[in-house]
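Protein chains in written order, with the working numbering: chain C, 1 to 336; chain Y, 337 to 515.
Derived by calculation from the structure, the hints in this document are not laboratory data.
Do not rely on the hints blindly, as some may be mistaken.
With a Cα cut of at most 20 Å, we get these calculated EDC-like pairs of lysine to aspartate or glutamate [to be verified]:
no., chain 1, residue 1, chain 2, residue 2
1, Y, 494, C, 265
2, C, 204, C, 138
3, Y, 397, C, 3
4, Y, 494, C, 7
5, Y, 494, C, 11
6, Y, 397, C, 38
7, Y, 509, C, 15
8, Y, 406, Y, 506
9, Y, 509, C, 38
10, C, 187, C, 301
11, Y, 509, C, 170
12, Y, 509, C, 8
13, Y, 509, C, 11
14, Y, 509, C, 274
15, C, 319, C, 138
16, Y, 494, C, 33
17, C, 319, C, 201
18, Y, 509, C, 256
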Amino acid sequence: MNEQDREDFVDEALDRLSRTAPPADLVDSVMAEVSAAESQMTAWRRWRRALQGRRLTNFVAGARVSSSQGQFGRSAVHGGVVVRNKILWAVTGFAAAALVSVFVLGYPPIGRGTEATIGVAQRYQGTQISVKDIKVPDSEVQQFIQSEQFDRLVKDSVTRNALRDLFENEALSQLVRNRAAAEAIAKPGVVEALAKGSLLEALKVEGVAALLAEPLFAENVARLGMAEAISRSQIAAEALGKAKSAEALTRTRAAEALLRPGVAEAIAKPGVAEALSRQGVAEAFARQGVAEALTRQGMLEALTRSNMLEALASPAMFKMLNDAVVRAQISSALAR
Amino acid sequence: MTGPNDDAVWVARCLNGDSTAFETLVRRYQQVLFTVALRLMGNVEDARDVTQNAFVRAYLKLGTYDPSRKFFSWLYRIALNEGLNARRDRRQHEPLEATFEAKAGRDPVERGETSSQVQAALMVLTREYREVIVMRYFGEMSYEEIAEVIGIPEKTVKSRLFSARQRLGEILKDRSVRS
Numbered sequence: 001m002n003e004q005d006r007e008d009f010v011d012e013a014l015d016r017l018s019r020t021a022p023p024a025d026l027v028d029s030v031m032a033e034v035s036a037a038e039s040q041m042t043a044w045r046r047w048r049r050a051l052q053g054r055r056l057t058n059f060v061a062g063a064r065v066s067s068s069q070g071q072f073g074r075s076a077v078h079g080g081v082v083v084r085n086k087i088l089w090a091v092t093g094f095a096a097a098a099l100v101s102v103f104v105l106g107y108p109p110i111g112r113g114t115e116a117t118i119g120v121a122q123r124y125q126g127t128q129i130s131v132k133d134i135k136v137p138d139s140e141v142q143q144f145i146q147s148e149q150f151d152r153l154v155k156d157s158v159t160r161n162a163l164r165d166l167f168e169n170e171a172l173s174q175l176v177r178n179r180a181a182a183e184a185i186a187k188p189g190v191v192e193a194l195a196k197g198s199l200l201e202a203l204k205v206e207g208v209a210a211l212l213a214e215p216l217f218a219e220n221v222a223r224l225g226m227a228e229a230i231s232r233s234q235i236a237a238e239a240l241g242k243a244k245s246a247e248a249l250t251r252t253r254a255a256e257a258l259l260r261p262g263v264a265e266a267i268a269k270p271g272v273a274e275a276l277s278r279q280g281v282a283e284a285f286a287r288q289g290v291a292e293a294l295t296r297q298g299m300l301e302a303l304t305r306s307n308m309l310e311a312l313a314s315p316a317m318f319k320m321l322n323d324a325v326v327r328a329q330i331s332s333a334l335a336r
Numbered sequence: 337m338t339g340p341n342d343d344a345v346w347v348a349r350c351l352n353g354d355s356t357a358f359e360t361l362v363r364r365y366q367q368v369l370f371t372v373a374l375r376l377m378g379n380v381e382d383a384r385d386v387t388q389n390a391f392v393r394a395y396l397k398l399g400t401y402d403p404s405r406k407f408f409s410w411l412y413r414i415a416l417n418e419g420l421n422a423r424r425d426r427r428q429h430e431p432l433e434a435t436f437e438a439k440a441g442r443d444p445v446e447r448g449e450t451s452s453q454v455q456a457a458l459m460v461l462t463r464e465y466r467e468v469i470v471m472r473y474f475g476e477m478s479y480e481e482i483a484e485v486i487g488i489p490e491k492t493v494k495s496r497l498f499s500a501r502q503r504l505g506e507i508l509k510d511r512s513v514r515s
């Protein structure tokens, strides 16, 4: 059977089912029910129906206006739809003109602080990451991804970008995987101190991380306060004196780095020296690529958010960062 | 002469308290609505209930009728919802095809085995397919009207109708081979 035959076959079949006469008493049954329904209507409902009826009458009258009779004259007599249509068109035209002036001519100006008042609210339109984006069986990670905390992070453009960097950048990821470093970041004043930039620069100098990790150095820093300690050259000298001679030069450069303007001040912040002196933390910050990643716009800002710091300290985040496949999946989901 | 505006006049009269004006509309559309209901439901009893309920509901909701649209499209939408509700209730008790085939023999309107087979084949189609066929061939609605009633683009109506016809042809062919 070809296509045409099939078409004819179906047409023929449907033709066999012609219109069917309804039961003879259908009209009477319907009207009996209609009468019963109408008798139960309240006065208020009847009045509303009458209003709707008048609207329909006006519509029918308006639709019957002939163009040769002149719409304006007739509408004036009947006081109805045509005049209202003209008003509607005028209002629509005015609204369209206003929109054109806003979008094309840029008036009224939409400046900073006017979002959601004159212009559109500048909300970040990020998509939520779902469990199906991340193919891991770990229920803790899945719960974390579905949590309100993670939802808030991905809906905030600053923390979302920071998270993306964190999952993309191996150096940053390593930093946060170091539990002591992750906790150090969360300490008061550490992020602010790193934000100065000078401390991160100093950490890049060979030996600085080792010097900060020196127990004697840390002890002196804790006892005397860093700014004061560094101003006393004997602190560095004492540290250097304990070192092997081969390292002495390096240590000198490290001490110089710590004496640079801004660095001492940054380390003097409460908790910073203590945090950096913890095992492996200073080395983690000094690792290649970390300083660049941390100084990237938005990263340190994100780190000042308490929910970001909480997230970094969570075991689920640790698991996610430890899994290269998950890291890749999350960073690609966040990039969408 | 009938038309959208003519129907609107009768609707306006009903709303203004003249319930007998509604009888004109019932008489005007009873045959087409009953046919459509019969093809959707598959038996006279259900079709009668659906038609009657649709008219009564339409009367109660007359105030929502948009006179710029065809009265029958609006009425059809109501009937379709009534039909779906009735089918949903019925499905809880017995399978669709069994229902139709058991009742088709008792149907006084159907004459001859062939039309029963075509109706049975219609009932095997999915609801979406049956709807478009019924609207097009028994409601004599345009593609545009069908699109408006179902709420899908006109192009989708055309493609759905094409698929529905093909499926109907296949079912009929299978049944004729088996018998």
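Worksheet item: CA of residue 509(Y) to CA of residue 11(C), is that 20 Å or under?
Response: holds, 13 Å
Item to complete: For the pair supplied as a hint, residue 509(Y) and residue 38(C), confirm whether the alpha-carbon distance does not exceed 20 Å.
Response: violated, 50 Å
Worksheet item: Are residue 509(Y) and residue 15(C) close enough, with their CA atoms no more than 20 Å apart?
Response: Within the cut-off at roughly 16 Å; holds.
Fill in: Distance restraint between residue 494(Y) and residue 7(C), which requires alpha-carbon spacing of 20 Å or less
holds, 15 Å
Discussion item. Given the hinted pair residue 509(Y) and residue 8(C), is their Cα-Cα distance within 20 Å?
Written reply: OK: residue 509(Y) and residue 8(C) at ~13 Å, within 20 Å.
Worksheet item: Holds or violated: residue 397(Y) with residue 38(C), Cα cutoff 20 Å?
Response: holds, 12 Å
Item to complete: Could you grab the alpha-carbon distance between residue 397(Y) and residue 3(C) and see if it respects the 20 Å cut-off?
Response: Given that 20 Å is the threshold and the Cα spacing comes to 45 Å, the pair is violated.
Worksheet item: Given the hint that residue 187(C) pairs with residue 301(C), does the C-alpha gap stay at or below 20 Å?
Response: holds, 15 Å
Discussion item. Hint check: residue 509(Y) vs residue 170(C), CA-CA at most 20 Å. Holds or violated?
Written reply: Distance ~65 Å between residue 509(Y) and residue 170(C) Cα, so the pair is violated.
Fill in: Straight-line alpha-carbon gap residue 509(Y) to residue 274(C), limit 20 Å
Cα-Cα ~86 Å, so violated.
Worksheet item: Can the restraint linking residue 204(C) and residue 138(C) be considered satisfied, given a maximum Cα separation of 20 Å?
Response: Violated - the C-alpha atoms of residue 138(C) and residue 204(C) are around 37 Å apart, more than 20 Å.
Fill in: Satisfaction of hint between residue 11(C) and residue 494(Y), Cα-Cα up to 20 Å
Satisfied, since the Cα-Cα distance of roughly 16 Å is no more than 20 Å.
The structure is inconsistent with the numbered hints 1, 2, 3, 8, 9, 11, 14, 16, 17 and 18, although it conforms to all the rest.
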